[in-house]
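S.K.: The lines below spell out each chain.
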Amino acid sequence: MKKPLLVLAAALSSFSAVAGGYQVALQGQRQIGMGHCGTGFSYDASSIFFNPGGLSFTKVNNVMFGASFIRSRVAYLAPQPSVYTASTESPVGTPFMLYASFGKKDSKLKYGLGVYTPYGSSVKWADDWKGYSLLQSLSLQAIFIQPTVSYKINNMIGIGAGFVYALGSVDLRRGIGALNTENGYASAQLKGSASGLGFNAGVHIQPFEKLSIGASYRSLVNMKVKGGDATFSNIPGFLQGSTFPSGGTTTFDATLPLPAVASVGLAYKLNDKLLLAFDFNYSFWSAYKQLEFEYKDNVNNSNKSTSKRNYVDAPTVRLGAEYMATNNLALRGGVYYDKTPVELGYMTPETPDADRIGITAGIGYKIADRVNIDASFLFIEGREREQTEADLAQVGTQADVLPGTYKLRVIVPGISLSFNF
Amino acid sequence: MKNRYLSIFLGLTAYAFAACEPKIDAPIPSTGGGINISNYVAIGNSLSAGFADAGLYLEGQQVAWPVILAEQFKLAGGGDFYAPLFEPNQAKGLGYKKLIGFTATGSPIIVDEPGSPDAIKERTALAYDPVGNPDSVVLQPFTGPNNNFGVPGIRVENLYTVGYGFKNPYYGRLLNSTEYMTGKPYGSRVAETNPTFFTCWLGNNDVLGFATAGGYPDLGKITPLGDFATNYNRIIDEMLNSANSPRGALANIPDVTSVPYFTSVGPALKVGLAAAGAPAFLEYHLDSALINTILPRLLGQLPLLDPVNLRPSPVSAIATLNPVTKTWDGNVFFTLTFAPYAGDVGKPTAKAWRALFSQLLKTYASLIPIPITVDDLMRQEVSGIDSTKPFGLDPANPIPDVFVLNGAETAQARAATVAYNEIIKSTVDRHADKLVLIDANGFLNKANAGLIYDGIGTNASFISGGIFSLDGVHLTPRGNAAAANEFIIGINKKFGSTIPMVNVGRYRGVRLP
Chain A
1024 MKKPLLVLAA ALSSFSAVAG GYQVALQGQR QIGMGHCGTG FSYDASSIFF NPGGLSFTKV
1084 NNVMFGASFI RSRVAYLAPQ PSVYTASTES PVGTPFMLYA SFGKKDSKLK YGLGVYTPYG
1144 SSVKWADDWK GYSLLQSLSL QAIFIQPTVS YKINNMIGIG AGFVYALGSV DLRRGIGALN
1204 TENGYASAQL KGSASGLGFN AGVHIQPFEK LSIGASYRSL VNMKVKGGDA TFSNIPGFLQ
1264 GSTFPSGGTT TFDATLPLPA VASVGLAYKL NDKLLLAFDF NYSFWSAYKQ LEFEYKDNVN
1324 NSNKSTSKRN YVDAPTVRLG AEYMATNNLA LRGGVYYDKT PVELGYMTPE TPDADRIGIT
1384 AGIGYKIADR VNIDASFLFI EGREREQTEA DLAQVGTQAD VLPGTYKLRV IVPGISLSFN
1444 F
Chain B
-13 MKNRYLSIFL GLTAYAFAAC EPKIDAPIPS TGGGINISNY VAIGNSLSAG FADAGLYLEG
47 QQVAWPVILA EQFKLAGGGD FYAPLFEPNQ AKGLGYKKLI GFTATGSPII VDEPGSPDAI
107 KERTALAYDP VGNPDSVVLQ PFTGPNNNFG VPGIRVENLY TVGYGFKNPY YGRLLNSTEY
167 MTGKPYGSRV AETNPTFFTC WLGNNDVLGF ATAGGYPDLG KITPLGDFAT NYNRIIDEML
227 NSANSPRGAL ANIPDVTSVP YFTSVGPALK VGLAAAGAPA FLEYHLDSAL INTILPRLLG
287 QLPLLDPVNL RPSPVSAIAT LNPVTKTWDG NVFFTLTFAP YAGDVGKPTA KAWRALFSQL
347 LKTYASLIPI PITVDDLMRQ EVSGIDSTKP FGLDPANPIP DVFVLNGAET AQARAATVAY
407 NEIIKSTVDR HADKLVLIDA NGFLNKANAG LIYDGIGTNA SFISGGIFSL DGVHLTPRGN
467 AAAANEFIIG INKKFGSTIP MVNVGRYRGV RLP
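Protein chains in written order, with our numbering: chain A, 1024 to 1444; chain B, -13 to 499.
So that you can see chain B by itself, here it is in the shape it has in the complex (with noise of 0.2 Å):
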């Protein structure tokens, strides 16, 4: 008796040990329907291509988001994503840059990885790009299948040039040599790969170059809206038309003064200039400075600085993080390249000028006819500057327009960015049936005032932040992530599919020594 009911419970036991595990069924992924994710291509800049760390290296590539949205794809039955990646012995790219340190103060200390040298295939004048591309690099053609068509630097405004690939190795590596020597335009080349999704995020370059040069015009100009509009509806609508008639995700382009390049260096000054009790701080307004200014006053013996061209800046306008409201208060910026160079306001030094004027020579080596140094271009008679003045609060040695950006040139960067953004909006809103319009602006915005993912904080402060690499404007693999699910949330919402989300938290932020 005793035995029998003993080898019943122990029986009951083992069954209910085995049925005990909960179980959640997770819904099958599906498209709706309502797109054919068969062949997805990417078409885009830098931050389509996984460019990050102010650079492009494999593990960058590889985590970027039309790969993470791909391999979401894939669960709900898309087909393969191929991505151009870097070989391994070519991993490094061009280099990128490094975290190994912070100063005494609490600066980030940055240095430059070397790149890989078995990613150049060769240096040509040919390949020549002042602003691009001034080494003249040609880097290696990736051969092979190739679905993400992100291409650092890119601007809508070369889309259609022919020969791009000469200027931009990152293009011409994607071509093959009769499209590489045809020169065959960026737009043709992708309305070929006849998608039956893309995701289109075009026109940051536009306006960023402009604004990360502090708008200073040799380095970076904000593309005309003709031209934009113009090209920018030319490639989707070529693309809408390829073969097989596709769906589409667009982008638009975030407030570029949202991103920790221009906000991580002017509230610490902001803060040290008002307790020394500046006023105002000086800049110095450069027009296209080394070809039209610099070198003919270099020959005629004439001063650089003009007084017209000084530019008084308030301290109180430099823009700080409003507490309550999460957004920026303020239009002046200052950019992170002038990081080194923020501890030197007040003092007698003008280094940052020292640093201008070598990357121009660099920039310009190929169209300057005489052999000139930076001393040349640093002796008082020539650049009128006098490095025992103050810097940035005498007339002497103002700080050099490439670093800041001011109330009037943040104002033309905010209104080009509108006004393509409501270009690009205008291009869903004609093919409302076809495209999705996925919010980059105001997804920014949001990492502004901070989000959390899977219980970790993140928000667009630099390297703290977890959402921008090292560079202050792309993003880090976790920014990838998130991203790749802003255009997920998008493309379920307008198409009725049920894409699976991405678990952000997996992906790492910035990597800290």
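Bound-form chain A, shown alone (with noise of 0.2 Å):
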């Protein structure tokens, strides 16, 4: 946490995941207003993450800048015959965009920067609650700092492509139910900050001046983590310096894929006031076989721990539309369906994820000549989903998930702010 922009991402980014996993889609105000469609058409400079392929048809430079508010909730109820419930209290979160076009007008070329925060997650459950000894809290961040280049091949094919570097931390907190002393369980805290690389690229397709097409691709970025800080709290003293860490703290290694995406899109314009867009995305999260913590020392008598994860590829199916009001203001709806890449036994405390529909509204208001304000709100339904011990049993799970049901409601409003040059 010493490089200034990571105390940047500190202050402004605690995300909760608000797609599957621990993806955060929510990369554009107007995009999230359209069931955030957009990798089938050019709009602005947040084509740098849509779809860097669109970027080359955008008809003006401009900066924006956007954030959005997480309100994320997680209930749980063990397994019956219980009465136990439990409630995730994660903080608001609030990921960023800011993504910024130069080019010459009229040139075929076009540089952008784009820095976002496509993946992260927030969840904090209370310290004593039933599955205290698997997670009590768990903060993701990830962001994205990505220069691009587009180029107009013609005016039917655009291409594009972005370096990505990416910074992220993660800090993940639990009990340690087996350890018992006078001043309760013992507990371990994982903290460290972490970086990987990457690239997204895209082609865009304007066949008619109604319909345009887009595909693009965001590659893996495997975030690792080099001698992240390890502490480990109320460790009987008889146990340090052999099973434990002597003092309780040691250091550790873990790499955390994030997934790439492939996506395709189209966009059509009905007429001048309506346009309607749909958009594909499919994400490869099968690479997030496991979860792996490799120790300098040894931690419960091992130097590495490791959890399965098994995620299986999922895709992503969105629906919007944008329908221009008056000529300064626009109003938009979208809707899509979130499969989830967490199958039955792995519904983890930190992601205990199910598939998702997301219903979305938003306006765009032009509030001068070259400034636009756009706003979104998204809501998101998980559907309850319910995970039992035979379930956990058939893959080997119980060490690592908690069985019972679970149930997740996202709120996100958002807004941003653009100016055109």
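By construction, these hints were calculated from the structure, which means they are not laboratory data. Computed from a predicted model, the values in this text were never measured in an experiment. Misleading hints may appear alongside valid ones.
[Stated by the list, open to error] Here are some of the chain A residues that sit facing chain B, going by a computed Cβ distance under 7 Å:
(1) Arg1094
(2) Pro1104
(3) Val1106
(4) Thr1108
(5) Ser1156
(6) Gly1200
(7) Asn1203
(8) Ile1386
(9) Ala1422
(10) Thr1428
All C-beta atoms in this analysis are idealised placements derived from N, C-alpha and C, irrespective of residue type, glycine included.
Both chains are given apart, each in its own frame, so use the hints to dock them into the complex.
M.R.: Now the structure itself:
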């Protein structure tokens, strides 16, 4: 946390996963309003994220900055017959997006820089909840910095690509219920900063005036934590220096995959006032096989802790529309269906994920000649999902997963300001 | 225009924030009409009393599984459940064991935490019982309503013993002065509680005392099957015939050799003996040693050790946990009490004999006509023990009976357990409409293989396993919570109730230093 950008990140971003797994699909306020469709049309500098190929089709340069405010809650009910319920008390997460595009007027080349937060998660359970020995809180942050270049081959096709440098951090806390002393149970905290590399490329095709098509591929980014701080508290003295590190502190390495996403999208201008958009994303979550921490010193008698995740690739289907109520006012709406990458038996307390439906609305308003304000509102309803002891036993995850029923609901208002020049 | 849209937007946002809470409705717990839990009474032994760490003390009493079960009953409309808790000034009872550290070689250092003097009413010869109560302790009576009749040490054999309250201070303290003085038997007292529902976990001590004493009969006998059947059926019948015609849950008894008391010392010793190339070790079998053997021999100057009582056991028969089946292979077990002497095997020392003689002298103090010291007994011409010979390997320095459950003794203990469990099951079968069997034996077998509660791994290992307390027989708070859940599962299944399960992870395992 020494780098200034990370300090900024800490101040601004602590995100709850608002898409499957720990993905955060909140990268443009106009797009959020339209069900987060954005691969198929070129609009402004946010194409840097949605489809670098479309950036070359943007008519003006612009700078935009926005943020969303995630309020996410997960309710939990213990396996029947039990009346135990719990709920996450996760803090409001604020993923942000900053895009700037540059290029000479009428030039075929456009340059851009995007700083955005496509992955993250913030989950906080009560310290004494039923699953305290699995997870008390988790904060995962990832900020992507993406310089981009886009080239308009002709009036029909544009291509673009960006290099991604990702910065991030992880902070995980949990109890160790198996170790009890007169001060209660022992606990663990794993905290570290991470970085990774990747790319984002896309192609934008405009066969007709009214129709545009896009495809993009954002690569896998392996976020590597090197030398993170592992702190173990209230470890019985006789275990220190053998089963656990002496003094309770050591360092750890870990890698968390931020999976690749392939997208295709199209947008159709029904008339001067109405734009319809469709997006299909396919997230290659199968990259997330396991969560492994490698320790410098023995922790619980091993220098490694591994838990299975076995995520599966997951599609998302999005529909959106934008209606120009006046020359200055756009009204937007959208809906999407987000299939979970988390299979039954793997719903850990950090991502007790389920298939989700997102309903979105948004407005855009031109407040001055060159200034637009966009606001969006997103409501996500996760399917109530029950995971039984038998489900855990079948995949052998009893040590990592808490059986029971989970239900997720998220609301996300967001706002952005953009300046054209 | 702009402001109107903005205010609609903000209004919607505020509304949505409020409506955001996802909710899963918890079902309302119910008895399902199959049971009446307005007056639940637990009958049983130390396990039901909350005995742990070789003692009955307040913290254990508060998390005894019947107490936890009653808390869950309460969620389904159950009545008040009163446990006979020690007062704060009596909180440590007669004392218990405490883990303070480990030796350099990893052996636990377990010490005595002294009891609360205020728990003791008096010491009187009237309360003398050579095995259970050699100190002749009478505890301060517990006054007030009581639903938990878990009495440490009680055997099915004792259920209708008149005056049992004199011998067992844990029972005596539950009686009022009239009941105490008239010697009211346990079985009669508990039937008077008129329960609407009861649990019964009895029978463990009828075989456990024999086993924990390594099959040495002075310190523990196996109750004859006929006596067990008579008393067990009688107490269940009297409970069922009491005023409220209750329903009940009867737990069977675990295979005694599956508890860490018998499984924590042997495996390491086996490795050591095998490495030293010893094919067998020698145990000295004692039959009612002090009264019938040691005293006469002491007076007649005959050595105690008679070669006919030497029992060799092959090292290969020492039980170890099969890593695949998670069952105990082998039929020779060492007791947890042998832990301090396990390192002596093969060395010229007889410390284990000194400890045994010291305990016997204490236990039988009032029966010994002349003052005798441990040194008197240890003299070679009296005992025949030659402490210069390798302990456990030489015929002149064998391992005392009390520390070893050999193959024959294991078979006896297991046969008794199987037979008792048959009696318990047939009792349930005879009243199948009113009773449910709780398979405690099956539960502890599963514990040997490892059980995970709320992400916390537990097993039947000593100290680290989290289920068994420092005495290796009784349960930790976590083990009590797990046991309560076994009862809840069985009761729900049988009677169609939906008594909520308890969060086992909330309760602690062994408290580590």
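S.K.: Against this structure, judge whether each hint is valid.
M.R.: Status of the hints after comparison with the structure:
1. Arg1094: holds (6 Å)
2. Pro1104: holds (4 Å)
3. Val1106: With a closest approach of 4 Å, the A/Val1106 hint holds.
4. Thr1108: holds (5 Å)
5. Ser1156: holds (5 Å)
6. Gly1200: Nearest chain B Cβ about 4 Å off; hint holds.
7. Asn1203: Holds. Min distance 4 Å.
8. Ile1386: holds (6 Å)
9. Ala1422: holds (6 Å)
10. Thr1428: With a closest approach of 5 Å, the A/Thr1428 hint holds.
Checked against the numbered hints above, the structure violates none of them.
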